[in-house]
Amino acid sequence: MATIKKSPSYWKMVWRQYRRNHLATWGLVFIAFLIVMALGAPWIATNKPLWCNASGSYCLKAPIPYTPTQYNLDESLMPPNRHHWLGTDEQGRDVAARMVFGSRISLAVGVVAVGIYVAIGILLGALAGYYGGWVDQVVSRAIEIMICFPTFFLILTLLAFLGPSIYNIMIIIGLTSWTGIARLVRGEFLKLKNQDFVQAAIALGASDSRVIFRHMLPNALAPVLVSATFGVAAAILIESGLSFLGFGVPPHIPSWGSILSQSQEFMDIAWWLTLVPGAAIFITITVYNIVGEGLRDAIDPRLKV
Amino acid sequence: MSKLLTISDLYKSFPIRRSKLGEKRRFVHAVRGVSFDVAEGETVGIIGESGCGKTTLGRMIVRLLKPDSGRILYNDVDISQKPAKALHEFRRDVQIIFQDPFASLNPRMTVEQILGEPFIIHGIKRRKSRRELVAELLQLVNLPESSMLKYPHEFSGGQRQRIGIARAVALKPKLIVADEPLSALDVTIQAEIIALMQDIQKKFGMTILMITHDMKVVANMANRILVMYLGQIMEELPASQILTPRHPYTMALLEAVPVADPRRKKAMVPLAGDVPSAVTPPRGCPFHPRCPYKQARCETEDPKLRTLTPGNVVACHFAEEIAKR
Ligand code: SF4
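Taken in order, these protein sequences are the chains called U and G. Under this note's numbering, the very last position in the first sequence is 505; numbers go up by exactly one each time. Under this note's numbering, the very last position in the second sequence is 558; numbers go up by exactly one each time.
Everything labelled a hint here was simulated from the structure, so no lab data went into it. Among the hints, erroneous ones may be present.
To be verified - Pairs of lysine-lysine, DSS-like flavour, derived with a Cα cap of 25 Å: (1) G:LYS299 x U:LYS393; (2) G:LYS361 x U:LYS393; (3) U:LYS391 x G:LYS299.
Could you build all of it, start to finish, from the sequences and the hints given here?
Written out as structure tokens, the structure is:
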């Protein structure tokens, strides 16, 4: 059989469209940078040398030669300088090192929490939209009940019971925030169910799972991805808010929210303690939103061919 | 002749959303007591204006919809109420071709995936690879083999309809319901698709149920024609008699066909007015609000289908008198 050139898939075309948006493309680069920083934190911020030559005469230092918990009371509250690029906190800990490690919390919360609720939302939304009837009734009522609770306070309350920990935050955000995705998927599935190509698959005798996963879900995924991108931004903000209020990670573990929280007492004498985590949270959330919007433009129905 | 399909007294209605709270639930009565049968190898045309229930009827026959009541005997087995799981074998035998070739193909799948699916679903294992089977299908519908790795949007409407046909005939079904397969296409392409369907029918000897609003299409393809109006069958006639129908509605449909003859006068019986609402179908003969031959009796008494001449069944109280005029 002759070799045939494969045509670009839908996602390839989305990517082409996405790349035309320079701001969004740079946003994606920034997110990639954040991911590298989070994954590489133990090698980026450490007081141990990364590599030494055989004789030990020359050692390669880490870019930030401090660990996030290494304190030095002689160097407390130093403004940004040659050694501490982003200054130090009241215990003389390096803010840059703490920020790098803090990004791990943000990333983990964003990815895991959103992962959990996207999975729940897709499952419930798909079941409701595909089967309709009483399944839809149950899911729709559950969504309405969940929406009644103000999410942030629901999370606060649950955290008060379960105790503040990063895992609890992820799970609680995951278990409380699925309604948006569920409604989105349900709506898409209701539309898709009556599409001829879905009917064609049913007429061919395709099983429910084949119809749902091969035919409907791939056509409903794009808006979910957009929503999930915005969701990561929201989850990061919630985590920062919780940590700021002291409901988040324990104080010795750095997170952007907890660094910001600790800065309150020193706000008038140590501006960098507020500015650095505040700006990091602000920029990261803005970038996720820019990427989400770029994605939304790229999958615009006008592109749908 | 053995009957492949026997439909008796089929009903289907759809609830419409209540606009006001406490309002009585109302229904669109799409199909109201339809009966007919189809012999193996036949091509039966079902014709009617949009909203006459022909699409609903077609989707019930392939069991994409479940009838409210009535029976659909396929090879003497009633499939009208069977649960989806019990229909697997039936689905292999009975396929559907859709109207809109832009909506009937999954935009995220390549042609190879689309055409390979029937074989996967029905676990067809042959010596040939699935790719070879797909290549054969493409050849059957006159598309190049290189189409395989393309996505539906890269094809024209006519080409997409060929893909839709290839999918429907992949498992060599016994019965194909073609739901307006031509109405979304240009006239020249329509002729190609008709030729293709006839060609495939000759090769595989399948039975076709052709649903359409286009008189010319049924006249070209069908052996037998059923005329539907407001969910009921008004007339059944052999294709050879298409120019001499007995029912006023069929006459009106025929007159509405545009002809290429400029000398011919405008329609004698203009099909005036819209199809009445299927929510509250008129009492008596459903056609009476538009019928030029209407009499008092038509408004109260529902005309039953009567056989006038062999093969010609008409639901009109005054068919004989009207024909004499
Ligand atoms: S029954 Fe009466 S209204 Fe109906 S088609 Fe015949 S003449 Fe017309």
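Hints and how they fare:
Distance restraint check for G:LYS299 and U:LYS393: the Cα-Cα separation of roughly 16 Å lies within the 25 Å cut-off, and the hinted pair is therefore satisfied. Distance restraint check for G:LYS361 and U:LYS393: the Cα-Cα separation of roughly 33 Å exceeds the 25 Å cut-off, and the hinted pair is therefore not satisfied. Using a Cα cut-off of 25 Å, the hinted pair U:LYS391 and G:LYS299 holds, with the two alpha carbons roughly 20 Å apart.
In summary, the one numbered hint that this structure violates is 2.
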